[in-house]
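Line by line, the protein sequences give chains A and B.
My numbering puts the first sequence at residues 1 to 359.
My numbering puts the second sequence at residues 360 to 718.
If you're looking for bench data, these hints aren't it; they were derived computationally from the structure.
Every residue, glycine too, gets a C-beta built ideally from N, C-alpha and C.
Check before you lean on any hint, since a few could be wrong.
[As the list claims (entries may be wrong)] Here are the in silico distance ranges between beta carbons for each label pair:
id : chain 1 : residue 1 : chain 2 : residue 2 : range
1  : B       : Arg394    : A       : Arg348    : 27 to 37 Å
2  : B       : Asn481    : A       : Lys216    : 56 to 66 Å
3  : B       : Ile484    : A       : Asn122    : 54 to 64 Å
4  : B       : Phe516    : A       : Tyr151    : 26 to 36 Å
5  : B       : Lys651    : A       : Arg35     : 42 to 52 Å
6  : B       : Asn717    : A       : Arg35     : 27 to 37 Å
2 protein chains.
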Amino acid sequence: MKKIFFTPGPTELFPEARKFIENALDENICSINHRSKEFMDVYRSTTDSLRLLLNIPENYSIFYLSSATECMDRIVQNCAEKNSFHFVNGAFADRFYKTAVELNRNAAKAVADYGKSFDFKNTEIKNSPELICFTQNETSTGVQINTGEIYGIKNKFPQSLTGADIVTSAPYVDLDFAKIDFAFFSVQKGFGLPSGLGVLIVNDNCMEKAAYLKSKNMAGSYHNFISLHENAVKYQTTETPNMLGIYLLGKVCESMNSYGIERIRKETEEKAEMLYDFFDNHEYLKPFVKNKADRSKTIINIKTGDKQNEVKKMLAEKGIVVGSGYGKFKDTQIRIANFPMHRIDDVRKIIETLGTLNI
Amino acid sequence: MKKIFFTPGPTELFPEARKFIENALDENICSINHRSKEFMDVYRSTTDSLRLLLNIPENYSIFYLSSATECMDRIVQNCAEKNSFHFVNGAFADRFYKTAVELNRNAAKAVADYGKSFDFKNTEIKNSPELICFTQNETSTGVQINTGEIYGIKNKFPQSLTGADIVTSAPYVDLDFAKIDFAFFSVQKGFGLPSGLGVLIVNDNCMEKAAYLKSKNMAGSYHNFISLHENAVKYQTTETPNMLGIYLLGKVCESMNSYGIERIRKETEEKAEMLYDFFDNHEYLKPFVKNKADRSKTIINIKTGDKQNEVKKMLAEKGIVVGSGYGKFKDTQIRIANFPMHRIDDVRKIIETLGTLNI
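Chain A with its partners taken away, still in its complex shape (with noise of 0.2 Å):
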């Protein structure tokens, strides 16, 4: 039986990703040089069709990293030189803290108890942070943060540099770059795709602190922003990059632009409807996230309870695979991720498959 995997990322490939994959051989995508013409098309391509997609405005730089873990390492070194501010609501926006305490910044945080956002009209920020940082969709918890927040926040403190990680809200989440100063995902959540590229969206604001840290020896190496920024005005990246990861981001977003953003976010808001619908009226299974206006569209958890085998197990048999909770909740609550290549039938097997369980 083929697996529909629902696990947050990792999970299932865009549906055309083999065939996407295929071409990429036939088109010797992987032998190229990358500073060559036809590699520089390819890289134009994929960051058209995602200025597109996303709406990112033409002042805002799109850079090509490894990972998102490693957007949160250029971030900081790029973007503080001192103090940082993290919102803290879950282990990944715990990780983004982290990297800035090794990186040997000042860092402070905000945190929310788990499955709840903030209060953001009482929440502090004493150390004038250059840097505030959120995690809009925090994957370990399944809690969004409504971006008018944000953009609050950023209006609050206009001196910093305020963004957030989008890792697994987008494409789903409808962010005003505008509002704010940078944004980062990876590709093996909501785009479908094999991990091995993060994206870094970093406006005029970032670049300027960028180039004040590396007049200092501060910014880093090959990726801090100003050899990003050099490179990626001609189409090219400072190393080396994944090739592949950056031909077939951008054949995804060719795909969702001509399917409709707009659509894909509609779809994505039924289905998440659907799920939490279901929780809600279910009997022992319930979202972890209580109110609604915090919880996740692309990210649901469920708490389980001691039935997380039976559930696993349950939706196995039908081919569907969801992911554990995260952290502490590891054996007590499963995630379903809700991205564009889950597909409304798909959830409706969720739904039937767990309305037949015996409690």
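Chain A is already provided as a structure; the job is to place chain B on it using the hints.
Showing chain B alone in chain A's frame:
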């Protein structure tokens, strides 16, 4: 006509690369969790096969990064608090040096004339380097450094961490790992795989230095050697890695192990000899590296003068793609890679084709 890439990398894919990629897709390698038992088995198998192929001792850790350029970055961060020394015999050695400068280290260098190796006896290393870096096979010039010279420097500076970039010589180069501290390569060269994976091999001495630098928050974030090692012993990675790349590298290593590394090395030398013999006896097209002992067996730089276009065109008509020269030799040299997947019949075709060149 099918193209055959004799470029220095990205280059011709390993003959079974497409099959391995298809197997990976069939086995859901791009959808499984990177911390699952299934992926840990892939990781372990790749590491075991690579260790066998390159004869890497058990006390050397193998880390999977994203590129050879990243390896340079992480080596400097983890192995030098203040001073590094670089043997610069071309553009890639110079990039290693510049990486140290960008990371705010006091980097010193010895510079060889382009196309030549070093006068090791008379090279002064004055800055008490914690780290000494070689580019064993310089891809820009086609100069190789005799491994004995590297071991000699290591002997002379036992307190330094000494190692080599073997990006375009692996797996041909027969390194005695016990006589160096680290080495690294990327997979889009001699392993004939899609780019996006770098492999770093380090010993206990490097780990000790990294632990010291980590205690001072100087070793970097997620890819500091300590975090890399903590995950590697669990057959995992710090972040979601290039899982497909790790899988494919394992398959290529298995295939090479079954073919026999000695046979691969012998054939590499035979093909190199055929090429150098031909060009040594050619009226016009001459090897760039004059001293035979300094000539790379895997990257063969040929002076073409104003015939570069003609040479590349003649070969292209037979389906053979060679590289241009590097940097200032971009338009006056060609580079011919001689990796394990380059067949002797195709080497003969290069020789036959260029034998008809009208001067």
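The hints, checked one at a time:
At roughly 29 Å, the beta-carbon separation of Arg394/B and Arg348/A lies within the given 27 to 37 Å, and the hint holds. Between Asn481/B and Lys216/A the C-beta distance comes to about 36 Å, which lies outside the given range of 56 to 66 Å. Hint check: Ile484/B to Asn122/A, Cβ distance near 59 Å, so the stated range 54 to 64 Å holds. Our hint of 26 to 36 Å for Phe516/B and Tyr151/A is violated, since their Cβ atoms are close to 55 Å apart.
Between Lys651/B and Arg35/A, the C-beta spacing of about 31 Å breaks the proposed range 42 to 52 Å. Between Asn717/B and Arg35/A, the C-beta spacing of about 31 Å keeps the proposed range 27 to 37 Å intact.
Consistency with the previously given hints fails for numbers 2, 4, 5, ordered from lowest to highest.
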